[in-house]
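Chemist: Spelled out from the first residue to the last, the chains are:
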Amino acid sequence: MALLDVDDVVVRFGGVTAVNEASFTADSGLITGLIGPNGAGKTTCFNVITGLQKPTRGKVTYRGRNINHWPVHKRAGHGIGRTFQRLEAFGSLTVRDNVRVAHDIHGGVLSWLRPSAANVDALLDRVGIAEYAGERADSIPTGTARLLELARCLASDPKLLLLDEPSSGLDEAETDAFGELLKDLAGEGCAVLMVEHDMDLVMSVCDEIHVLDFGQIIASGQPAGVRADPRVQRAYLGYSETDGDTAVIEPVTGQVAATGGQHRAEVPS
Amino acid sequence: MGSLFAFTLLGLFTGAAYAIMASGLVLTYTTTRVFNIAHGAFGMVLAYTFWDFTQRQGLPTLLSLLLVLGVVAPAIGWFVQRFVTRGLGEGPVSVALVVTVGLLVGLIGLAQQIWPPEPRVLLPFYPETGWQMGDTYITAHHLITILCSIVVAGGLYVLLNRTRIGTAMRASVDNPELLKLFGGKPDTVAALSWAVGMSLAALGGILLTPVVNLDYYALTLLVINAYAAAMLGRLKSLPLTFAGAMTLGILESWAVAYLPTDGFWSTVRPVIPALFLFAIVVAMPQAQLRIGQVKGIVAAPVPGLGKSVGWGAALLLFALLVINVAAPNQVLLIGTAATYAMVMLSLVLLTGYGGHVSLAQFTFAGVGALAYAKLDEPNLLGLALSALIAAGVGALVALPVLRLTGLYLALSTMAFAVLMDKMIFQAEFAFKFNGTLQTERLSVLGFQIAEDTSYVWFMVLAFVLLALLVLVLRRGALGRLLIAMRDSPSACGTLGLDMRWFRVGLFALSAGIAGLAGGLFAGLRGSVGAADFLYFQSLLVLLLAVVFGVTSVTGALLGGTALMLLPEWQASAPELAGLLFAILGFGAVLLGRDPNGLANHMFKGSRWGWARLAPSFDEKLGALLPRGIRRPRAGLDENDRYDEDKLVPIADPADVETTMVIKGVR
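Residue numbers (numbering that gives the first Met the number 0), protein chains in the order written: chain A, 0 to 268; chain B, 0 to 665.
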C-alpha cells in the first residue's frame with residue numbers, strides 16, 4: 000500500500016467541481032508529479048491532502064489510515080509537509096527565524112530550551128539560501144522564498160512532501176540544483192508530490208506523473224508514457240500528434256504558454 | 000397559558016427591533032468586512048439626535064424621524080465609511096476592532112458632551128393608542144416596530160436581489176477587487192451599505208429607546224444583542240439573523256415573566272444576550288484556515304536583555320524618587336498607574352505580539368482582585384493563586400471560541416465583560432450589589448509591605464519584572480510563534496501547530512498577567528468592589544494601550560500613566576469629561592491603524608535625533624579622510640555596522656587606487 004492514497008476525491012465549490020473523482024498515490028522514495036493546466040484542481044488536491052479543504056466526497060488514506068477527519072495540524076504532526084503556490088512565509092520574521100519556528104513547532108515546548116541554530120543553518124545551507132539567513136522573509140526574491148518554504152517544511156522532518164510550484168522564480172542553474180535536492184530527499188525515503196509547470200524539471204526528476212484536467216485524472220504513469228499520451232497532449236495543446244491533420248509539434252522548450260485563454264505547455268520530446 | 004402567549008408576543012416586538020439593528024450590522028459587515036462594534040453607539044447617538052429634534056427643537060415626530068433616518072444617519076454612515084473604516088476590511092481584524100472600539104468610546108464621550116447627563120424621556124410612538132388582544136395589550140409602538148421590521152426585511156430583500164447596486168453589494172462580499180475590474184464601484188457599494196446600516200442602527204435605537212431608556216451605555220450595548228442575533232446567521236444570513244433576533248427577544252420576555260424578580264436571578268435578564276451569544280458560539284462549526292498573500296508587519300524594535308534591564312533599573316530609581324517626593328494621594332495614583340500598565344503589558348503579549356484583541360482585559364484584573372480578596376491570603380502564594388484563577392477564567396472565555404477566528408473571540412470577550420460586570424461581580428458570592436470587599440496589603444516572605452510608598456514601589460517592581468518577562472518571551476520561541484501565527488495561520492497549521500490550544504494558552508497567560516495586576520491593585524486599595532471593574536474600563540485599557548503602542552512595553556508604561564491621569568483630568572474639569580472620552584476615542588480611530596503607537600514614534604524620534612547628531616560627528620571625522628571618499632549614511636538599524644565594503648568612491652569611478660589606499664590604511 001502506498002504512503003498516500005487519494006481515493007475518488009470530489010471537491011465542489013458551489014456549482015463548480017474543482018476536483019472530480021481524482022484518485023492517485025504517492026509513495027516513499029519516489030518523486031510524483033501532479034501536472035495539468037491552470038485551474039485543473041492541483042492546489043485543491045493539496046489542500047484536501049493537508050486538511051485545509053474538506054472533500055465533498057472520497058477519502059485520503061495516509062500510511063494505511065483514513066485521515067479525512069484529521070485536523071490540519073495533526074496531519075502535519077504525522078509527517079505531511081507542504082509549500083504554498085501563493086507564498087505563506089512569515090514575512091515579519093527573518094529567514095532563519097522562519098525555519099526556527101518550524102523547528103520549535105516540530106520539537107514541542109521542551110525543545111525550546113535547546114539551541115536550534117546549528118540545525119537551522121544546516122537546512123538553509125542545504126536548500127542553498129544560507130546567505131539570506133538574516134533577512135526579513137518579505138524582502139527576499141520569490142524563488143528564494145519558495146526555497147525558504149521548503150527549508151521550513153524540512154525542519155519538521157516530513158515523510159510526505161507536497162511542493163506547490165516550487166521552481167517558479169528560480170533560474171536554470173537553481174532549478175537544476177533544486178532537482179538534485181529533490182532526488183536526494185527521495186533517496187532518503189521521503190515521498191515527494193510536486194505540482195509543477197516546468198516540464199523539463201518534471202520529466203527529468205519524476206518517477207511517476209499524474210495529469211489533472213478539469214479536476215479529473217486523465218493520465219497516470221511514467222514520464223515517457225504520459226508525454227506520449229494523446230489525452231495529455233490534447234489537454235495541454237488543444238490537439239494531439241495522433242489527431243492526424245494537425246501541424247507538427249514544435250520542438251520543446253519546456254515553457255508554459257497561454258494562448259487565447261487556453262493554457263498549454265509544450266511537452267519535451 | 001394565556002400569559003405565555005402574551006409574553007411571547009411581547010418578545011416578538013422587542014425581537015423585531017433587535018432584528019432591524021442586527022440586519023444593519025450584518026449588512027455593513029458582509030459588504031466591507033468591518034465589524035462595527037460602535038453600531039449600538041451610533042444607534043445611541045442617533046436616538047439622542049431624534050430626541051433633540053422632537054423634544055428640544057420641537058419638530059414634528061414624523062419629520063424628525065425622516066431627518067434622522069433619511070439624512071443624518073446616511074450622512075454619518077457615508078462619512079464613517081469614507082474617512083474612517085475604508086480599507087480596514089483588508090487589514091488585520093485587530094486593527095478594525097480597535098478603530099471601531101475607538102468610535103464607540105468617542106461616540107459615548109460626544110453624546111455626554113452634547114447632551115449632558117439628565118433625565119430624558121423619549122415617548123413611544125402614539126403613546127395613547129393601543130388594542131386589547133386577549134390578555135395582552137398591544138400598543139401602536141409595538142405594531143409600528145413589527146411593521147418596520149417587515150418593511151426592513153422586504154426592503155433589504157429587494158435591494159440585494161432585485162437591484163443592480165444590490166447585486167454589486169453581494170459581489171463585493173466575495174471580492175471587491177474583482178468587482179472593480181468588472182466596472183463595479185466597491186467604494187460606492189461600501190458607502191451605501193454603511194449609509195443603510197447606519198439608518199437601521201438609528202431606527203433600531205429609536206424603536207428600542209422606550210424599552211431600554213435613553214441611556215448612553217444601555218443603547219451602546221445593544222450591539223451585543225445585535226451581534227448575538229447575527230451570529231445565528233454567522234454574520235452572513237439575514238433571514239437567520241431575523242430568527243436569532245426574534246428568539247432573543249422572546250427569551251428576554253420570558254425571563255421577565257418567569258424568573259424571580261429579586262436576588263441572583265434578577266441579574267440574569269440583562270445578560271441574556273451574552274448568554275445567548277455563548278450558546279451559539281459553542282455550537283458553531285470549526286472555521287477553515289484561509290490561504291492568502293502574507294504581508295509582514297513592521298513592529299516596534301525589541302531591545303536586548305541588557306538594555307531592558309538597564310531601563311528597568313532606571314525606572315525603579317525614578318519611581319523611588321517620585322514616590323518619596325509626591326503627596327500621599329499621588330503615591331496611590333502611581334500605584335493605580337502601575338496596575339493599568341501591567342494590564343496593558345498583558346495586552347502587549349496578546350494583541351501587540353499575538354494579534355488577538357481582548358475587550359475584557361480589565362475584567363480579568365477584576366477576577367484577580369476578587370480572588371485575592373476572597374482567598375484572604377495576602378502573600379505571594381495568594382497572589383500567584385489569584386493570577387492562576389484569572390488565567391483559568393481567561394482560558395474558559397477562549398475555550399468556546401476555540402474553533403473560530405479572531406473576530407469572534409474579541410466579540411465574545413466583550414460579552415463576557417458585560418456578563419461579569421452586570422451579573423457575576425455583583426452576585427452575593429462576589430463583591431455583592433454596590434458592595435466592597437476588604438483586602439490586606441501583600442506580605443513577602445512574612446514581611447508585610449504596609450507603607451503606601453513601599454507598596455507602590457513594589458508594584459512598579461512587579462511591572463518591571465513582568466515587562467522583562469514579556470520581553471524574554473518575545474525574544475524566544477514563543478515570540479517567534481506568535482508572530483508566525485499572525486503572519487500566516489495556515490502555514491503554522493501545516494507545520495503542525497494546534498493553534499486552537501495555543502490560543503487558549505496565550506489567552507490564559509495574558510489573563511493571568513492581568514489577574515496579577517488586579518490582585519496587587521486590590522492590596523493597594525484596601526477595599527475593592529464591582530464598580531472598580533466596569534466593562535467600559537476594559538475598552539479604555541485597550542484604546543490607551545493601542546494609542547501609546549501595544550507592541551512595546553514602553554507603550555504599556557505610557558498608556559498606564561495616561562489612563563491613571565484620565566479620570567483626574569475629568570474630575571478637574573467635569574464639563575469637559577465627555578470631550579476627553581471623545582478625544583481619546585477619536586484619537587484611537589486616527590492612531591489605531593498603527594498598533595506601534597506613540598511609543599514607536601518616540602523611538603523613531605530619538606533614533607532620528609541620534610542619527611542627526613551622529614553624522615555631524617562623523618563628518619568631522621570624515622574631514623580627516625582624503626577627498627572623494629565618504630561613508631554611506633548610517634542605517635537606522637543598530638545592527639548596521641560600518642565595514643570596509645561600505646567605503647565607496649563617489650568622485651570618480653576610476654579612482655580605485657584611493658579606495659585601495661584607504662582600505663590599506665584601515
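If you're looking for bench data, these hints aren't it; they were derived computationally from the structure. Hints should not be assumed to be uniformly reliable.
Computed spacing ranges between beta-carbons, pair by pair [stated by the list, open to error]:
1. B:V471 / A:Q84: 43 to 53 Å
2. B:T187 / A:Q84: 52 to 62 Å
3. A:T55 / B:A383: 49 to 59 Å
4. B:N160 / A:D6: 35 to 45 Å
Glycine is no exception: its CB is placed at the ideal position from the N, C-alpha and C atoms.
Chemist: For the hint 43 to 53 Å, verify it against the beta carbon of V471 (chain B) and that of Q84 (chain A).
Modeler: violated, 37 Å
Chemist: Hint says 49 to 59 Å; check whether the CB-CB distance for T55 (chain A) and A383 (chain B) agrees.
Modeler: holds, 51 Å
Chemist: Can you tell me whether the CB distance of T187 (chain B) to Q84 (chain A) sits inside 52 to 62 Å?
Modeler: violated, 33 Å
Chemist: Take the C-beta atom of N160 (chain B) and the C-beta atom of D6 (chain A), compute their distance, and say whether it sits inside 35 to 45 Å.
Modeler: holds, 40 Å
In the structure shown, a violation is registered for the earlier hints numbered 1, 2, in ascending order.
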